[in-house]
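Chains as they are written, first to last, in our numbering: chain A, 49 to 124; chain B, 396 to 882.
If you are wondering where the hints come from, they were derived from the structure by calculation, not from laboratory data.
One or more of the hints may lead you astray.
[Stated by the list, open to error] If the Cβ cut is set under 8 Å, some of the chain A residues that face chain B in the computed set are:
#, residue
1, PHE56
2, GLU57
3, ALA65
4, ILE66
5, VAL67
6, LEU70
7, LEU77
8, GLY87
9, CYS94
10, ASP104
11, ARG106
12, ALA111
13, THR113
14, PHE116
[As the list claims (entries may be wrong)] Looking from chain A toward chain B, a few residues come up when the C-beta cut is under 10 Å (computed):
#, residue
15, PRO54
16, GLU71
17, GLY73
18, SER80
19, LEU83
20, LEU98
21, ARG102
22, LEU107
23, CYS108
[Claimed, not checked] Restraint ranges, calculated between C-beta atoms of paired labels, are given here:
#, chain 1, residue 1, chain 2, residue 2, range
24, B, HIS676, A, GLU78, 44 to 50 Å
25, B, GLY574, A, GLU78, 31 to 37 Å
26, A, LYS52, B, HIS408, 29 to 35 Å
27, A, GLU78, B, ARG741, 54 to 60 Å
28, B, HIS676, A, VAL81, 29 to 35 Å
29, A, LYS52, B, ARG416, 24 to 30 Å
30, B, GLU598, A, THR72, 48 to 54 Å
31, B, VAL402, A, GLU71, 51 to 57 Å
Just so you know, even glycine gets a beta-carbon here, dropped at the ideal spot from N, CA and C.
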Amino acid sequence: MKKKEPTFEERLARLQAIVTTLETGNSPLEESVALYKEGLAHAAACREQLEKARHDIRLCTEAGTEPFDAAAQEEE
Amino acid sequence: MDAILSVRQVTEHLRQTVESRFPYVWVQGEVTNLSRPSSGHVYFSLKEDDCLLNCVWFRRQQKDEAFDPLTGEVWEDGPRPSLARTMENGQTLVCAGRLTVYGARGQYQMIVDLAQAAGLGLWHQEFEALKRRLAAEGLFDPAKKRPLPHEPRRVAVITAPGGAAIRDFIRISATRGLGAEIRIYPVPVQGEDAPPRIVEAIERAGRDAWAEVVVLIRGGGSVQDLWAFNDERIARAVHHCPIPVLTGIGHEIDHSITDFTADYAAATPSHTAQILWQDRHVLAQHVDGLETALHTTFFRRLDALSLRLEHAARSLSLLSPLARLRLPQERLDSLAQRLHASVQQRLEQYRHTLDSLHDRLLKKSSSAESLAADLDRLTLRLAAAGNNRLLRAEADAERAQSALVPLGRMIGLAQEHALSRLELKLNALDPFEPLHRGYAVVSDEEGNILRSVSRTAPGRTVTVRLVDGSILGTVTDVRPASSETMP
Numbered sequence: 049m050k051k052k053e054p055t056f057e058e059r060l061a062r063l064q065a066i067v068t069t070l071e072t073g074n075s076p077l078e079e080s081v082a083l084y085k086e087g088l089a090h091a092a093a094c095r096e097q098l099e100k101a102r103h104d105i106r107l108c109t110e111a112g113t114e115p116f117d118a119a120a121q122e123e124e
Numbered sequence: 396m397d398a399i400l401s402v403r404q405v406t407e408h409l410r411q412t413v414e415s416r417f418p419y420v421w422v423q424g425e426v427t428n429l430s431r432p433s434s435g436h437v438y439f440s441l442k443e444d445d446c447l448l449n450c451v452w453f454r455r456q457q458k459d460e461a462f463d464p465l466t467g468e469v470w471e472d473g474p475r476p477s478l479a480r481t482m483e484n485g486q487t488l489v490c491a492g493r494l495t496v497y498g499a500r501g502q503y504q505m506i507v508d509l510a511q512a513a514g515l516g517l518w519h520q521e522f523e524a525l526k527r528r529l530a531a532e533g534l535f536d537p538a539k540k541r542p543l544p545h546e547p548r549r550v551a552v553i554t555a556p557g558g559a560a561i562r563d564f565i566r567i568s569a570t571r572g573l574g575a576e577i578r579i580y581p582v583p584v585q586g587e588d589a590p591p592r593i594v595e596a597i598e599r600a601g602r603d604a605w606a607e608v609v610v611l612i613r614g615g616g617s618v619q620d621l622w623a624f625n626d627e628r629i630a631r632a633v634h635h636c637p638i639p640v641l642t643g644i645g646h647e648i649d650h651s652i653t654d655f656t657a658d659y660a661a662a663t664p665s666h667t668a669q670i671l672w673q674d675r676h677v678l679a680q681h682v683d684g685l686e687t688a689l690h691t692t693f694f695r696r697l698d699a700l701s702l703r704l705e706h707a708a709r710s711l712s713l714l715s716p717l718a719r720l721r722l723p724q725e726r727l728d729s730l731a732q733r734l735h736a737s738v739q740q741r742l743e744q745y746r747h748t749l750d751s752l753h754d755r756l757l758k759k760s761s762s763a764e765s766l767a768a769d770l771d772r773l774t775l776r777l778a779a780a781g782n783n784r785l786l787r788a789e790a791d792a793e794r795a796q797s798a799l800v801p802l803g804r805m806i807g808l809a810q811e812h813a814l815s816r817l818e819l820k821l822n823a824l825d826p827f828e829p830l831h832r833g834y835a836v837v838s839d840e841e842g843n844i845l846r847s848v849s850r851t852a853p854g855r856t857v858t859v860r861l862v863d864g865s866i867l868g869t870v871t872d873v874r875p876a877s878s879e880t881m882p
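Turn these sequences into a full structure, and let the hints steer you where they fit.
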């Protein structure tokens with residue numbers, strides 16, 4: 049992969065741009081189909097990103113960071 | 396909008412109005428109506444001339460003071476008892492707390508958080524002084540507030556790791572955002588140790604330059620609990636932090652110097668998580684909306700293109716040389732159709748004729764067949780009849796024969812009988828019979844019996860037969876009877 053995986057926001061922005069292009073532009077059929085396919089792929093990828101989204105919570109220590117366990121902290 | 400409000404609605408509106416308008420107030424007045432029931436709560440009123448403010452000081456807010464809440468200086472003579480226990484009617488106090496509406500009594504009242512005897516160093520005065528000073532320095536300048544990052548992926552959270560604030564923050568953020576790394580910078584959030592440690596954490600986060608946003612949070616508590624966040628050092632650290640700072644300290648009603656300095660002050664720790672990240676459902680809805688728009692626009696585009704294609708095709712077909720061929724083609728088609736139809740019709744007629752002939756033929760042959768059958772039948776009947784007749788005839792013959800045999804016998808008997816009778820008769824007629832009685836029979840030489848004299852002549856021989864023999868003689872004379880008399 050020469051390019052980095054686009055972020056959610058980038059995909060969303062691209063999807064929005066595609067919709068705008070299709071709405072206003074007079075793109076030829078082949079291009080419209082390509083844009084449509086690209087848009088569908090972005091939408092699917094966005095959903096997948098949302099599905100997979102999890103926060104990684106870490107606690108800063110003197111040495112660096114370690115996984116944060118809220119339950120363990122509360123017992124202290 | 397309903398014109399008529401219920402008591403509860405009015406009370407609730409009043410409560411919200413009062414609480415939002417007076418989130419936290421400092422009030423000075425003379426203590427009156429002081430009451431200390433066994434519950435430990437303290438009830439009193441603050442009075443000024445003819446105005447009265449009802450106050451309640453709940454037991455959990457009544458703390459003995461080990462240090463000066465403003466300076467943090469520890470009193471050398473040990474903790475001082477809470478003013479709640481020492482206050483008296485007629486004493487002038489400055490009380491800090493929230494205003495609220497007590498619905499059950501239809502009263503507004505003050506929930507006292509802390510109180511100080513008037514004339515002592517007043518917290519609120521310090522607070523207001525610091526606020527004015529920092530504002531003058533431009534620490535609260537709205538123009539200098541930095542925008543918070545959108546959907547941040549790297550978030551530094553400065554808080555107590557065991558507190559309610561981080562718990563709320565994690566809980567709320569769990570369903571939001573696109574997956575961020577959250578680093579917790581652990582600090583104490585109250586007590587004299589808190590301000591320097593918080594400052595240190597803010598500076599460290601700034602030095603790390605890892606986070607997109609620094610979040611400073613602390614759960615709700617009393618004014619005293621939250622007092623650390625009115626520390627000038629923290630305010631300056633926030634102000635100098637190279638990374639935007641978001642605060643969520645205490646409840647909605649609490650406002651600290653740190654809040655004023657922050658780039659954005661959220662109402663609560665939970666609220667900071669809500670500000671940082673959008674709910675994933677909302678994001679998903681956004682994706683859905685865009686996808687729907689994509690479908691709609693794409694198919695609209697497709698429709699438009701196909702409409703154009705249709706138009707073009709129609710125009711083209713009108714201009715096409717094929718169009719000129721169409722009329723002759725149609726005529727040809729029609730002629731061909733007619734031809735086909737007429738041939739078909741003709742064929743149909745022939746077929747019909749053929750069919751009827753065939754039918755007739757079938758009928759004919761069937762009549763010949765029936766004749767033959769009749770013939771056969773008749774032959775059979777004839778044969779049967781002939782046979783019958785024969786049999787009948789045989790039977791008749793047999794019957795006749797059987798009838799004839801006895802008849803024949805009868806006839807034979809009858810003939811025998813008749814014969815014997817005839818014999819008798821014959822015997823009676825025997826010409827020689829009378830010979831016995833003397834008669835004679837004369838016969839000529841040839842043996843013929845002479846019945847007339849004419850039959851003989853003299854000289855001829857006659858034979859006269861008598862019963863016992865014959866006499867031969869010669870006729871000497873013939874005398875006819877006329878000449879003789881009968882004897």
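Given hint GLU71 of chain A near chain B, where the shortest CB pair must fall under 10 Å: holds, 5 Å
Status of the ASP104 of chain A interface restraint (C-beta, 8 Å, chain B): This interface hint holds because 5 Å falls under the 8 Å limit.
Residue hint PRO54 of chain A, partner chain B, criterion CB-CB below 10 Å: violated, 12 Å
Closest C-beta approach of ARG106 of chain A to chain B relative to 8 Å, hint status: holds, 5 Å
LYS52 of chain A versus ARG416 of chain B beta-carbon gap, inside 24 to 30 Å or not: violated, 51 Å
Whether the CB-CB distance between VAL402 of chain B and GLU71 of chain A falls inside 51 to 57 Å: Check passed, 54 Å falls within 51 to 57 Å.
Supplied contact hint for GLY87 of chain A, tested at 8 Å Cβ to chain B: holds, 4 Å
Hint status (Cβ of GLY73 of chain A to nearest Cβ of chain B, threshold 10 Å): holds, 9 Å
Chain B contact restraint on LEU98 of chain A - CB to CB distance below 10 Å: Result: holds, 5 Å to nearest chain B Cβ.
Given hint VAL67 of chain A near chain B, where the shortest CB pair must fall under 8 Å: This hint holds: VAL67 of chain A lies near chain B, its Cβ roughly 5 Å from the closest one there, short of 8 Å.
Cut-off 8 Å, beta-carbon criterion: hint that LEU77 of chain A touches chain B: holds, 5 Å
Given hint LEU70 of chain A near chain B, where the shortest CB pair must fall under 8 Å: Hint holds; LEU70 of chain A Cβ to chain B Cβ min 4 Å, cut 8 Å.
The earlier numbered hints that this structure contradicts are 3, 12, 15, 24, 26 and 29.
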